[in-house]
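2 protein chains.
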Amino acid sequence: MVDSTRKVYLFLWDCNSPMDKTKVAIVGVGTVGAGVARILLDHGDRTAKNAGTTLWLETAVVRDLAKPRDCDLPDGVLTDDIQDVINNDEIKVVVQLIGGVEAARTIMLELLESGKDIVTANKALIAEHGPELFAKARELGRSIAFDAAVAGGIPIITNLTQCLAANQVTSLRGILNGTSNFIVSQMEQGADYDGAVAEAQRLGYAEADPAMDVDGTDAAQKLAILAHIAYGAEIDWKKIPKTGIDTLDTVDLKYAEELGYKIKLLAVAQMSDDGLELHVSPTLVKAGLPLAEVRSAYNAISVEGDQVGRLFYHGLGAGQKPTASAVVADLIDTAVGRTALTFRTLKLFTEHNPSVQICPSEKIVGRYYFRFVVADEPGVLADITRIFGTHNISIASVIQHEPDENETQAEGVYVPLVIMTHTACEGEAESALTEINDLPNVRPGSRKMRVLN
Amino acid sequence: MVDSTRKVYLFLWDCNSPMDKTKVAIVGVGTVGAGVARILLDHGDRTAKNAGTTLWLETAVVRDLAKPRDCDLPDGVLTDDIQDVINNDEIKVVVQLIGGVEAARTIMLELLESGKDIVTANKALIAEHGPELFAKARELGRSIAFDAAVAGGIPIITNLTQCLAANQVTSLRGILNGTSNFIVSQMEQGADYDGAVAEAQRLGYAEADPAMDVDGTDAAQKLAILAHIAYGAEIDWKKIPKTGIDTLDTVDLKYAEELGYKIKLLAVAQMSDDGLELHVSPTLVKAGLPLAEVRSAYNAISVEGDQVGRLFYHGLGAGQKPTASAVVADLIDTAVGRTALTFRTLKLFTEHNPSVQICPSEKIVGRYYFRFVVADEPGVLADITRIFGTHNISIASVIQHEPDENETQAEGVYVPLVIMTHTACEGEAESALTEINDLPNVRPGSRKMRVLN
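Order-wise, the sequence lines are chains A and B.
Residue numbering for the first sequence follows this note's numbering, starting at 1 and increasing by one per position.
Residue numbering for the second sequence follows this note's numbering, starting at 1 and increasing by one per position.
Derived by calculation from the structure, the hints in this document are not laboratory data.
Take these hints with a grain of salt, some might be off.
A few chain A residues facing chain B, derived, Cβ under 7 Å [as the list claims (entries may be wrong)]:
1. Asn-167
2. Gly-309
3. His-314
4. Gly-337
5. Thr-345
Within a straight-line C-alpha distance of at most 27 Å, the following computed DSS-like cross-link-like pairs (lysine-lysine) qualify [stated by the list, open to error]:
6. B/Lys-286 / B/Lys-363
7. A/Lys-347 / B/Lys-92
8. B/Lys-347 / B/Lys-238
9. A/Lys-363 / A/Lys-286
10. A/Lys-92 / B/Lys-347
11. A/Lys-363 / A/Lys-239
12. A/Lys-238 / A/Lys-448
13. B/Lys-92 / B/Lys-21
14. B/Lys-23 / A/Lys-347
15. A/Lys-347 / A/Lys-136
16. A/Lys-136 / A/Lys-23
17. B/Lys-347 / A/Lys-21
18. A/Lys-92 / A/Lys-347
19. A/Lys-286 / B/Lys-286
20. A/Lys-136 / A/Lys-239
21. B/Lys-448 / B/Lys-363
22. A/Lys-347 / B/Lys-21
23. B/Lys-347 / A/Lys-23
24. B/Lys-239 / B/Lys-136
25. B/Lys-286 / B/Lys-448
26. A/Lys-448 / A/Lys-286
By construction, the Cβ of each residue, glycine as well, lies at the ideal position given by its N, Cα and C atoms.
Please model the entire structure based on the sequences and the hints provided.
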């Protein structure tokens, strides 16, 4: 049964023990699927040692057999008919790597019905249909593993479900979208937004249509998954307030730097007196803090637990090999039997903790960065600070430089005014912004961003 | 069965399901043991939810019943007789937190013989007697969990055994001794070595006798455990070349800073062409790298895998709550059944990979920092650089300042000379050091340290 494409498939240290075989299928052989196939084919000794069984790639399903792909598959493995998996009772585990939501959902339900355990990296599917899919898997006595769905190579799901099980998580802050982080890093180095997006596309960090990454959707879906695991809360990712980096202006990166901060697209889930605070937005993070120093397409997560204190994870959040690393770890967990035990015990997505309420966004407390464009005239700063005062917001720092002569315009001289506040309610900050925008000497284009406490 | 000390012990979300009970004993109720007892007693709902069974603290064994301890135990739990655990067949899992090696070994063997699964935080015991204890546990169908033994709250054992199972680790670099890191951090801020040790003792970061921490023993034992897991190699921790921070001079911290580096007690296990490189030593790490920025008593580990790339973990490596967090996670894993599966599959400590050879220390390749005290006379630098040249070591940078007038001594003017090299063999670097020390114009007290590539 060993052919030339399957390089090792011998149990390295323990050649005497008769090793059984777990037949695996991959559905969707794109970038990640090819990475998974390569690990299974090239490192069969390693996966067999860690799984206690040979992970045998039996079938790989693709839409278009003719399309070139990034791995050599042994003869007889490739098919374009999902029924070859569904009807093969010997295939026990399926790595389901189809993108999108509806088709992926239908196929996953079919696979579960046919008795397969599932490993997936599809975060949109889990965020959207987790409750339905997990309930179906439980009903059928099957399991779904999904560590690759969030933060790629950083094994955050297993760390939350298992390693931190003695803790109540009190805060979780993540840089969960590598594309956005890469784009912001490029902008810090002087690129404009469009140039940074083009560079991200050229390097394969961004899709042809980067909308889901840059508008915060991807990070919100990942945050919904993590927050459900960490807090047991029932979370609709579409209700998480989100702002993406597509609204970011390089001038704000410069002011942030002047104030000693970096801007990161931060996904936050933390407990407050008013409930579970959830949001995704470009946020000023003090330079030198680990989250501020996350560069390029890396991801990072800072988790605080009531026992463990603060734990920080940093690694590659996307890409063929890091994501395949997470998928194959799940595959090994499933083959060993750990996934089934965890799945049965935790009841993720099928039970929710009704005592955890989502904090209304207007009650979220934090510090804020504001940038206004104001007429360079007496009284404007007084008007603005008065409005902040009426909303009980105290000011921590102000930057206003002398007007640049080139910026003088026909209708008068306008200058940027940057204000960092002490802690304030989101609702008050938003009201103050509205009132300030209504001042006659303030031009449109004001900006408000969170500052990490 | 619920008494007032046991605060919750109700299944939070699922009150209808009849919850069974797993009886647990703690042997050794010091700082960590009290932390474990507190989690079991105060957060019974949480542990029950995550374990799928109530973790019921049945018995806690101490040496001295009269000694005050940092937790309130329910009546009937405390005993000074280990036989109360050994003879109680209802106790399934024992948290064994006795320090030291020989007594702990004897008790662990007795506990295994009496049918208990074990959770421990005793790294010296695992490093010293891992093979014997793990073989005995396998023979008896029992398991040993030990994530708390290395890096406290950072769940590095589970991450290596499970989350990174698709990878061949290529390098592992850790700050594994928080006491040393705290002392070096204090020295960076101007304290001398003795003052820093005293401060560490005052804050509870260092024992009355800090020898095992500051001489590198603790880090070498932890490294031996991690390197066995990551590479399958048979490792005797006593053979790992180690230098502690007890030899560190504040002047080297200053030169390191001038060169743009920080000094960290680094434990390293990485594959090279000549085998597995292992060492513990104060090492210059480029400022700005995550490992360089680890402050105070924190631990950190940078792991590189052939699939996942570089993963970085940062957290509290010691202390009551972080260590208890790891112990209780292991307890939950054991109760759920994951530990038994992992233990059976991986065969840690009872099988070794004979193909992994330890790299002889003279063949280790790296960059080096040297500080010499040399006569301020013509020709000395020429002699030294000639010796480096004959050993094929090229020089990357040199610091020699003008002599301080106060340092002029009866026997002439001596000045420090600091040299950073490019990559060189440890053997050649050591030979060059010996030859340079024999030069007539070089005073005793030369220093050689590794520089992280």
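These are the hints, each one checked on the structure:
{"no.": "1", "hint": "Asn-167", "verdict": "6 Å, holds"}
{"no.": "2", "hint": "Gly-309", "verdict": "5 Å, holds"}
{"no.": "3", "hint": "His-314", "verdict": "4 Å, holds"}
{"no.": "4", "hint": "Gly-337", "verdict": "5 Å, holds"}
{"no.": "5", "hint": "Thr-345", "verdict": "4 Å, holds"}
{"no.": "6", "hint": "B/Lys-286 / B/Lys-363", "verdict": "23 Å, holds"}
{"no.": "7", "hint": "A/Lys-347 / B/Lys-92", "verdict": "24 Å, holds"}
{"no.": "8", "hint": "B/Lys-347 / B/Lys-238", "verdict": "22 Å, holds"}
{"no.": "9", "hint": "A/Lys-363 / A/Lys-286", "verdict": "23 Å, holds"}
{"no.": "10", "hint": "A/Lys-92 / B/Lys-347", "verdict": "25 Å, holds"}
{"no.": "11", "hint": "A/Lys-363 / A/Lys-239", "verdict": "15 Å, holds"}
{"no.": "12", "hint": "A/Lys-238 / A/Lys-448", "verdict": "22 Å, holds"}
{"no.": "13", "hint": "B/Lys-92 / B/Lys-21", "verdict": "10 Å, holds"}
{"no.": "14", "hint": "B/Lys-23 / A/Lys-347", "verdict": "23 Å, holds"}
{"no.": "15", "hint": "A/Lys-347 / A/Lys-136", "verdict": "12 Å, holds"}
{"no.": "16", "hint": "A/Lys-136 / A/Lys-23", "verdict": "22 Å, holds"}
{"no.": "17", "hint": "B/Lys-347 / A/Lys-21", "verdict": "19 Å, holds"}
{"no.": "18", "hint": "A/Lys-92 / A/Lys-347", "verdict": "21 Å, holds"}
{"no.": "19", "hint": "A/Lys-286 / B/Lys-286", "verdict": "21 Å, holds"}
{"no.": "20", "hint": "A/Lys-136 / A/Lys-239", "verdict": "25 Å, holds"}
{"no.": "21", "hint": "B/Lys-448 / B/Lys-363", "verdict": "16 Å, holds"}
{"no.": "22", "hint": "A/Lys-347 / B/Lys-21", "verdict": "19 Å, holds"}
{"no.": "23", "hint": "B/Lys-347 / A/Lys-23", "verdict": "23 Å, holds"}
{"no.": "24", "hint": "B/Lys-239 / B/Lys-136", "verdict": "25 Å, holds"}
{"no.": "25", "hint": "B/Lys-286 / B/Lys-448", "verdict": "17 Å, holds"}
{"no.": "26", "hint": "A/Lys-448 / A/Lys-286", "verdict": "17 Å, holds"}
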